[in-house]
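All chains, full assembly: derive it from the sequences and hints.
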Amino acid sequence: MYDVVRNRGLRKLREYAAQCLIYTAVLLISAVFIWLLIDLLRGGLSHLSWEFITELPRDAGRAGGIASILVSTLLILLVAVLTAVPVAWMTAVLLAEFVATGSWFGKAVRFSLHVLAGVPSIVFGLFGNAFFCVYLELGFSILSGGLTLACMLLPILTSTAEAGLRAVPHVYRLAASALGLSRAAALLHLILPAAAPVMAAGLLLGIGRALAETAALLFTSGYAERMPDSLLDSGRALALHIFDLSMNVPGGDEPAYASALVLVSLLLGINILAMKFAYGLQRSKLMS
Amino acid sequence: MPIDQWLPGILRAGALIALLVMLFILLFLIGESWPVLSKLSIVQLVTDSSWHPLEGAYNLMPMLTGTVLASTGALLLAIPLGLASALFTVFYAPSYLAVSYKRLIELLAGIPSVVFGFWGLTVLVPLINQWQPPGASLLAGILVLTLMILPTVTVTAHAALAAVADELVRNAAALGLSRWGTIQGVVLPAAKAGITAGIMLAAARALGETMAVLMVAGNVVQYPETVFDPVRTLAANIALETAYAMGDHRAVLFVSGLLLMGLIMVLSAMAEALEKQQHV
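Going down the list, the sequences are from chains A and B. Throughout, my numbering is defined as the position within the first sequence, counted from one, plus 860. Throughout, my numbering is defined as the position within the second sequence, counted from one, plus 1359.
Worth flagging that the hints you see were computed from the coordinates, not collected in a lab. Don't take each hint at face value.
[What the hints assert, rightly or not] Calculated cross-link-like contacts (lysine-lysine; reagent style BS3-like; alpha-carbon spacing at most 27 angstroms):
no.: 1; chain 1: A; residue 1: K967; chain 2: B; residue 2: K1635
no.: 2; chain 1: B; residue 1: K1461; chain 2: A; residue 2: K1136
no.: 3; chain 1: B; residue 1: K1461; chain 2: B; residue 2: K1398
no.: 4; chain 1: A; residue 1: K872; chain 2: B; residue 2: K1551
no.: 5; chain 1: B; residue 1: K1551; chain 2: B; residue 2: K1635
no.: 6; chain 1: B; residue 1: K1635; chain 2: B; residue 2: K1461
If you're wondering where the values come from, they're calculated on a predicted model, not measured in any experiment.
In C-alpha cells, the structure reads:
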C-alpha cells in the first residue's frame, strides 16, 4: 500500500516536472526570439529613413544609403528567377504529367533534384565560382551570382510546382480529354491555372531563399557597392552588405542594423504572401 | 495534334538541364579538387602538421573538428528545445497559443543566416566576452546555430507527433495513462523515426551553415580546449579563403567542399530512409 502511494506521488512529480520543463523551454525560446526582434527593430529603426533607401552608400557604407545595393539585389534576383523558373516549371510539368514515376528518366531527374536540394550554399558558391566566374569567364558579376542562385532554386521551385500539379484532381484531366482537348491545351487552360496558387507560393519561397542567401554570392557576384552598369558588373547583394558592414567596416553597425531590418521585413512580407497562396497545402512540407 | 507531339520533347529538354546542373556541380567540384586527389594524397589532409596553405601544409582536421563540435553542440541544445516546442504545440498548449507559437517558430525559420550572425556578433559575442574573453568562440557559434536549426527540429517533430494515430492516444487515455505517461510511453516511440529524420536534417543544416558561424566563431584554426576558444569550421574556411586561393590551396578548399557535401548527403539519405520507415 505504501509503495503504491509513493509511486503515485512520484508519478505526479514526474508529470509536473515534464510540464515545467516544457513550459520553461517554450518561454526561453520565445524570450530569445523577442529579444532578437526588439534588438533588430531598435537598432534598425533609429537609422532607417527614406534617404537610407534612396541614397548611394558612402564611406564604405558607414554613411549614405543602400540604393545601389537594392538595385544589385534586384538584378541578381531577376537573373536567378528568370533562368530558374522556366527550367523548374518545365521539369515539374514533365514529372507530374508526362513521365511515369518509375521511368529511368524521371528517376534520374528526381534524384538529381534531390541531390541539389542537399548541397550546402557555400558549395554552390564554389561551383559558381569555378563554372560561371572562371570557366565561362563571366568574372565576379551579377550574372554569375544570379546563375549560381538559379541552380540553388531549381529543387525548391520544381518540388513546389510538382506538388501543386499533383494536387489538381485527376478528374480535370479526364474531363479535358473527354472533351477532346489536346494535352497542351488542357495543361495551359485547366491544369496550370488550377495549380497556379501553389506554384506562386513556391516561387515566393524561392525568391525569399535567394534574398536571404549570402554564402553562395561571396565569390560569385562580388563585393562592389557602386551602382551596377550592366549584368556583367560586380554587385553586392543586401545580405552580403550586412555581412561586410559588420565584419569588415568598423563603425558599420548602425547601417548594418538598418539593412538587416530592411532584409527581414522584405522576407517577412514575401513569406506571409507565400503562406496565403499555399493556404490549405501542407505548410510543413513547404517549410522544410 | 502537332503540339502534343513535341511538347514532351521540350519539357524533357528542361528537365535535362536540371539533371545537367547536378552533373556539372559534381564534375566541377571533382575537377577542381583533382590536383589534390591525384597528386597530393588524401592522407596528407589529415597528417600534415598544420593548416598553412601558403607553405603547402594542408591539415583539415582542426576545421573538421570545429565543424563537428559546433554542429554537435547545437544539436544537443536544439533537440530538447525543439522537442519541447513540438510537444507544447501538440499536447500542452491551448489551440490559440499553439497557433501563435507555431507562427513564431516559422518566423524564426524565415530569418536569414547573415542576420543571425550579425545579431550574434553584436549581442552574444560581447556578452560572452564579459564573462570569458575573447567572446567570439565555439560557444557563440553553437548558440547561433541552435537558433538556426531549432525551427527545423520543431517543425519536423511537430509533423511526426501530429501524424501519430489518434486511436493510439485515445487508447492510452482509456487505459488511464497520464499526459506525460502517454507522451513517453506511446507517442514518442510511435513518432521516433520521424523525429530522428528531422534531427538528421537539422544536423545537415548545421554542418553546411556558413555565414552565421563565420561571423561569431572567431575563425582561429585550432583544436578548441574549452567552448570559449575560437574555432574555424570547414564551411567558414571555404568562405574565408576561396577569394584568394590559388593552385593546390584552391584544390584543397574544393576537396573540403566535396567532403561537406558528402557528409550532408549521407545525413539526408538517412533522414529519407527514416521517413519512409515512418510511413510504412
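Now for the hints, and whether the structure bears them out:
no., hint, verdict
1, A:K967 <-> B:K1635, "holds, 17 angstroms"
2, B:K1461 <-> A:K1136, "holds, 16 angstroms"
3, B:K1461 <-> B:K1398, "violated, 52 angstroms"
4, A:K872 <-> B:K1551, "holds, 25 angstroms"
5, B:K1551 <-> B:K1635, "holds, 12 angstroms"
6, B:K1635 <-> B:K1461, "holds, 25 angstroms"
The structure fails hint 3 only (numbered hints given earlier).
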